[in-house]
Amino acid sequence: MEASISRANAPSLAERAYRIRRNALRMGEVQGQGYIAQALGVADVLAVAYFHALRYHPDDPEWEGRDRFLLSIGHYAIAFYSALIEAGILPEDELETYGTDDSRLPMSGMASYTPGMEISGGSLGQGLALGVGYALGLKRKKSDAFVYCLFSDGECGEGAVWEGASGAGHWKLDNLIGIIDVNNQQADGPSSEVTGGLEHLADRFTAFGWHAQRVNGNDIGALVGAFDVARSLREPMPRVIICDTKMAKGVPFLEQRERNHFLRVEADEWQQALTVLEAGRTA
Numbered sequence: 001m002e003a004s005i006s007r008a009n010a011p012s013l014a015e016r017a018y019r020i021r022r023n024a025l026r027m028g029e030v031q032g033q034g035y036i037a038q039a040l041g042v043a044d045v046l047a048v049a050y051f052h053a054l055r056y057h058p059d060d061p062e063w064e065g066r067d068r069f070l071l072s073i074g075h076y077a078i079a080f081y082s083a084l085i086e087a088g089i090l091p092e093d094e095l096e097t098y099g100t101d102d103s104r105l106p107m108s109g110m111a112s113y114t115p116g117m118e119i120s121g122g123s124l125g126q127g128l129a130l131g132v133g134y135a136l137g138l139k140r141k142k143s144d145a146f147v148y149c150l151f152s153d154g155e156c157g158e159g160a161v162w163e164g165a166s167g168a169g170h171w172k173l174d175n176l177i178g179i180i181d182v183n184n185q186q187a188d189g190p191s192s193e194v195t196g197g198l199e200h201l202a203d204r205f206t207a208f209g210w211h212a213q214r215v216n217g218n219d220i221g222a223l224v225g226a227f228d229v230a231r232s233l234r235e236p237m238p239r240v241i242i243c244d245t246k247m248a249k250g251v252p253f254l255e256q257r258e259r260n261h262f263l264r265v266e267a268d269e270w271q272q273a274l275t276v277l278e279a280g281r282t283a
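The sequence shown runs contiguously to residue 283 in this note's numbering.
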């Protein structure tokens, strides 16, 4: 069954996003750490991607006709596993193994370990260039599959991103959809201060021959519209959806904490965060 086909009685996209956040918090509690602020922030993007846009078979992650989803941001693995669990590609009970020896869920995503993980994303800034290669390969196979690549605002300070953007524009790769998580945070501080130019991202991609959209990455309706436009656009050009997200979205006491690339969560706060998330779901 293809996930892009609407199903009767399927959970809403908001419910999917809630479950992705819940899965991430449960995994974070296993290790007492993890890039949880990013996971909570990007959950809506992943929910729309996996339960509205992507074509895949949960029981056959290597199905040749699938859309490819490349996670360039390797440390977002906790968020990605949460989506794969919700999608039925990974069993839910495996979240208890997160980051442990011999787990299929290492703390940084690696393709050789995890079903549904297309690339190893530990070297930041490489994903989009890999996406160009995937898209070219699928074109040569006459495949109608899309390649999605999730990368970050911080990665846009890497030259390889713009080499990939240039190549994709040159080859008019209309089967390539970039997704940028803009949370204005990277290891060295706010992205707007470290590399700058976040307000011009759409213009920069447009200059490389891309169709660019910028949306609130925590607004499911806006995301659905943006993914629909990206998939249905007739012009022969790559597409990018720039998503402005809020770190730790859905857990207000973490949202209000000092913005930090690696958010510290105390041992007693994981269950508190789950309780708050549940309350927000039913409010």
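To be clear, the hints were calculated from the coordinates, so they are not data collected in a lab. Be aware that a few hints might be false.
[To be verified] In the DSS-like style, the derived pairs of lysine-lysine whose C-alpha atoms are separated by at most 27 Å in a straight line are:
| # | residue 1 | residue 2 |
| --- | --- | --- |
| 1 | K172 | K142 |
| 2 | K172 | K141 |
| 3 | K139 | K172 |
Status of each hint after checking the structure:
no.: 1; hint: K172 to K142; in the structure: 15 Å, holds
no.: 2; hint: K172 to K141; in the structure: 16 Å, holds
no.: 3; hint: K139 to K172; in the structure: 11 Å, holds
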